[in-house]
Amino acid sequence: MRRLRLRPSTDNLLTYGLVIVAYIVIRILIASGNISSALQGQLVPITAYIVMAISLNLTVGVLGELSLGHAGFMSVGAFTGVITATLLSTFADTTSLEWLSLALGMPWLRLALAMLFGGTMAGIFGFLIGVPVLRLHGDYLAIVTLAFGEIIKNVMNVIYIGCDANGILRISAVSANDLQLSEGGKIILSGPMGAIGITKISSFTAGFILILITLFVVLNLINSRAGRAIKAVRDDKIAAESVGISTWRYRMMAFVTSATLAGAAGALYALNYSTVVARKFDFNTSILILVFVVLGGMGNIRGSIIAATVLTVLPEVLRAFNEVRMLAYAVILILVMLIRNNSTLRRLFRRNGRNGAMRKKNLLNGGKGDEA
Amino acid sequence: MDFLSYFISGISLGSIYAIIALGYTMVYGIAKMLNFAHGDVIMVGGYMSFMATTNFGWPPLLSVLFAMVVCTVLGILIEQLAYKPLRAAPSLAVLITAIGVSYFLQNAALLIWSANPKSFSSIVPFDSLRLFGGKLIISGTTIVTIIVCIVIISALNTIVNKTKVGKAMRAVSEDKDAAQLMGVSVNKTISITFAIGSALAAIAGVLLCSAYPILMPTTGAMPGIKAFTAAVFGGIGSIPGAFLGGILLGIIEILGKAYVSTQLSDAIVFAVLIIILLVKPTGLLGKKVLVKV
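First to last, the protein sequences are chains A and B. Numbering-wise (the working numbering), the first sequence opens with residue 1 and increments by one. Numbering-wise (the working numbering), the second sequence opens with residue 1 and increments by one.
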């Protein structure tokens, strides 16, 4: 198959089109009852994973730095989102302003604000973590992102947060009783038990809108002056610096944007469940999302979307094999990597794939050429 | 006296990390890849030793030998099947493949041995050592772990610095193409490195399960990540660095657990790592690589 080469704008429209068509098709499938309930329950997580994959692709594919702690930002966003949503609904009950109470009574507004605050908080964390992290490079940068991800997970695991009847937050690192909540108070985050009693307000449509926003932000960033600067820093830091590009600024811009989007995805993800524990956002989740990005193709946004969807649905499809399904997942993962990256195997699977393969190889290399 | 006993168990845990970290650091130094499946080879080693002692009724020393042989074969097999075809591929593709291998090993173990934790009885037959009139008790496992670690490090140092194989390893790690031109078989050297790393992982697995006697398919995952951290801590690619990093990490973890918070000990370990890397960006004993324009 010959590879299509499209102008960036046409290419982007294709990505938007793919997402919109997929949304409409799934909506029709739901309306006609042709979709299993297990798969229907996966819809919101899939949208959250897609946003995670696109945002990680910004760090790994476009900025060219390996991040192993992306789930940490998801965690920050998730718990900030849960706290925001709980506070807003408490506020809606207590406020004397009728219009405000009415507005906050609407779940979609609470969800939108939760994602906004979740994203903002994750962005702030992204900046604070970015200051030390972006001083490093390569494997050392990767291990520090891993370390931050683990630290966030461990700290979230010991924090207790509650709000009393007036909507005032109380925080403790000791126990739920230490919060000294009065009657009518509510525990939001209960240490290792995680966030409990969440009102589920996420919906597939909200996830779809978040994907569109993410695409809008990321695609416009990539094709802007700033995006070209980021790619220049990725391809050759010294050359970029010598033509007057501030490497610190553009690396930070990509990193913070990536963290913010991951935070919004975290809020969407958490508000889809009644309980969420900090352990969910561990190293394995970071790796899972990295797998989406690498399999989809580094720097290829459409690839991330497809890979995230296929790899989340795959275990469901493999459910027929029951016990061996995760084993099959692992084998498929290894085989796909081997076929895509080994020239002998690739020639077997794709007759005319030479040009496309060379291009893909360069993309995977982060444009650094052949390192072997 | 409490402090001393925590300190010694820290060194013991650190010795296990150091042995695992050696596997990471050697493979990284020579094949320039992060072998994320290394932690799961530890788990396989633990299960092999467990099977040998409980199912076959073999003596402890033989069970360790059995675990080493199986893991060595496994390591070479993984290298040949999954990593060798990707020698020319970008490093991230190899990393994802390694993650795939890690999933594979964990889920294969889940199918074979089920998720139920097995309780592993220590293979060390010695009694605890009592010092200062019974105030300081050091278990036999702790002593054996520390001794084994020292023996392994010295042996490995000799192999790498004094033998022909070691010379080949150093040559490959310095410059693969030049080594090939000088008649060093790069593929064979990489296979040997994987074999040594996996055999060490088997020993680490047995020691780990002797000290923390719960064996599950995910047993190797967290120690694997910590040992990887230890390798980076000491400067990845450096053998003395892996030793130093492992020991320090173990001590920090145990002291953090004892004096600060049990739940936050991992967070402390990683925080120290971040600080070290900010002061010395290539780890404690890592080489600084100059970038040429």
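Some clues are possibly wrong.
As a list, the in silico DSSO-like pairs of lysine-lysine whose alpha-carbon atoms are at most 30 Å apart [unchecked claim]:
| # | chain 1 | residue 1 | chain 2 | residue 2 |
| --- | --- | --- | --- | --- |
| 1 | B | Lys176 | A | Lys237 |
| 2 | B | Lys118 | B | Lys257 |
| 3 | A | Lys237 | B | Lys287 |
| 4 | B | Lys257 | A | Lys231 |
| 5 | A | Lys237 | B | Lys32 |
| 6 | A | Lys231 | B | Lys280 |
| 7 | B | Lys188 | B | Lys162 |
| 8 | A | Lys231 | B | Lys162 |
| 9 | B | Lys287 | A | Lys280 |
Here are the simulated distance ranges between beta carbons [unchecked claim]:
| # | chain 1 | residue 1 | chain 2 | residue 2 | range |
| --- | --- | --- | --- | --- | --- |
| 10 | B | Ala155 | A | Ile35 | 55 to 63 Å |
| 11 | B | Pro59 | A | Val324 | 52 to 60 Å |
| 12 | B | Phe7 | A | Met106 | 56 to 64 Å |
| 13 | A | Val310 | B | Gly183 | 43 to 51 Å |
| 14 | B | Lys32 | A | Pro192 | 47 to 55 Å |
| 15 | B | Leu136 | A | Thr275 | 40 to 48 Å |
| 16 | B | Val279 | A | Pro192 | 26 to 34 Å |
| 17 | A | Leu335 | B | Leu61 | 47 to 55 Å |
Quick caveat, the hints were computed from the structure, so don't treat them as lab data. Backbone N, C-alpha and C define an ideal beta-carbon position, used for all residues, glycine too.
Hint numbers not upheld by this structure, sorted from lowest to highest:
Failing hints, ascending: 4, 8, 9, 11, 14 and 17.
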